[in-house]
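A.B. asks: Kindly produce the complete structure, drawing on both the sequences and the hints.
All the letters of the sequence shown, read from the start, carry residue numbers 1 to 297 under the UniProt record's numbering.
Among these hints, one or two may not hold up.
The calculated label-pair distances, taken between Cβ atoms and stated as ranges, are [to be verified]:
hint, residue 1, residue 2, range
1, I287, N123, 36 to 44 Å
2, R200, L15, 38 to 46 Å
3, A140, G216, 44 to 52 Å
4, G286, S59, 17 to 25 Å
With a Cα cut of at most 27 Å, we get these calculated DSS-like pairs of lysine-lysine [to be verified]:
hint, residue 1, residue 2
5, K40, K271
6, K228, K248
7, K271, K228
8, K248, K271
The set of hints was computed from the structure by calculation and includes no laboratory data.
Only a predicted model underlies this, so the values are computations on that prediction, with no experimental measurement involved.
Don't be surprised by glycine CBs; every beta carbon is placed ideally from N, CA and C.
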Amino acid sequence: MRWGSILFRRLAGGLLLVLAGLLFVRFVRADTHTPRPSEKVNLALRRTAHHLLRAIGDSTSRIQPVQEVNSHTFRLPLNQAFSYDILPELLRDSFRHYQISGNYHVAVLDCATSTLQLGYIVNELTPNEEVPCTGRIMPAGCYALQVSFDASEPTGPGRSGWVLLAGSFLSGLLLIGWPRPRPILPPLPEPTGLADNRLRFGNTVFDVGRQTLVSGSHQHTLTYREAKLLRLFADHANQILDRETILKAVWEDEGITVGRSVDVFVSRLRKLLQHDPSLRIVAIHGIGYRLEVQNET
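C.D. replies: Here you go:
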């Protein structure tokens, strides 16, 4: 056992030294930052504009080309007023769809004067905080949606990278040169109370606090409103919820009342739950929706 333990430590130490070498090569070569693909931003903004127009019943107007003001600022003219209340969720969803990350500033500008009408910075928002200036009616006119990303930061090693490199190197040396066997500690018991905030329905588990959903064999991270709407459905499984009740519970108490948002978010939840055949969100014509849960135990 003693020789086996020593051999294991030497193998582990060797692997850590190899890891340290690979990290060193990566840090030496990583002197530039890959720019954010403008094509993805272009597609994300056009997707957002499409849904903004659809929300006001416009499915025929032409979407103008996206203007690249500079390497990190993009502007999309919109020839009519739109619902600012649903813009943040639509924009966040589009960026997630095209795998665009990072902090960004959103500004709604007047086309004629380029003056700021509405706007927010996404990293300044907390999960329970609403976007400033929601609930206000935008007068008819021409607007431009402008998104500015923070300037790219260098991706060199930095302090944390060199700490990781040094730690890997020293750990490898210690494992190789320290022959004393170490006691094997028993695994820590799993913390209790983790399931207190989880809802189970069908073959799906919804962690309300973490806003995570495990449906069938698929795991998803939900947005704030997706989680809020799913919680409402789960608490009223197999019950009809009229649209007014849904709006009041999910949107109106936050100062936002956009009727078409219900359909948009129900469509999202259907996609998230599609891998669980025991669940189905059914539209009740002229009334609202119902989450049907089969084989409840």
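A.B. asks: Each hint: holds or not?
C.D. replies: Here is how each hint holds up against the structure:
Taking the beta carbon of each, I287 and N123 are about 40 Å apart, inside 36 to 44 Å as hinted. Here the CB-CB span from R200 to L15 is close to 40 Å, well matched to the stated 38 to 46 Å. For A140 and G216, the Cβ-Cβ distance of about 46 Å falls inside the hinted range of 44 to 52 Å, so the restraint holds. A beta carbon spacing of about 22 Å between G286 and S59 agrees with the range 17 to 25 Å that was offered as a hint.
Restraint check: the Cα-Cα separation between K40 and K271 comes to about 23 Å, which is no more than 27 Å; the hinted pair holds. Distance check on the hinted pair: K228 and K248 sit about 12 Å apart at the alpha-carbon level, within 27 Å; holds. Distance restraint check for K271 and K228: the Cα-Cα separation of roughly 16 Å lies within the 27 Å cut-off, and the hinted pair is therefore satisfied. Note on K248 and K271: the hinted pairing holds, with a Cα-Cα distance of about 23 Å set against a maximum of 27 Å.
In summary, this structure violates none of the numbered hints.
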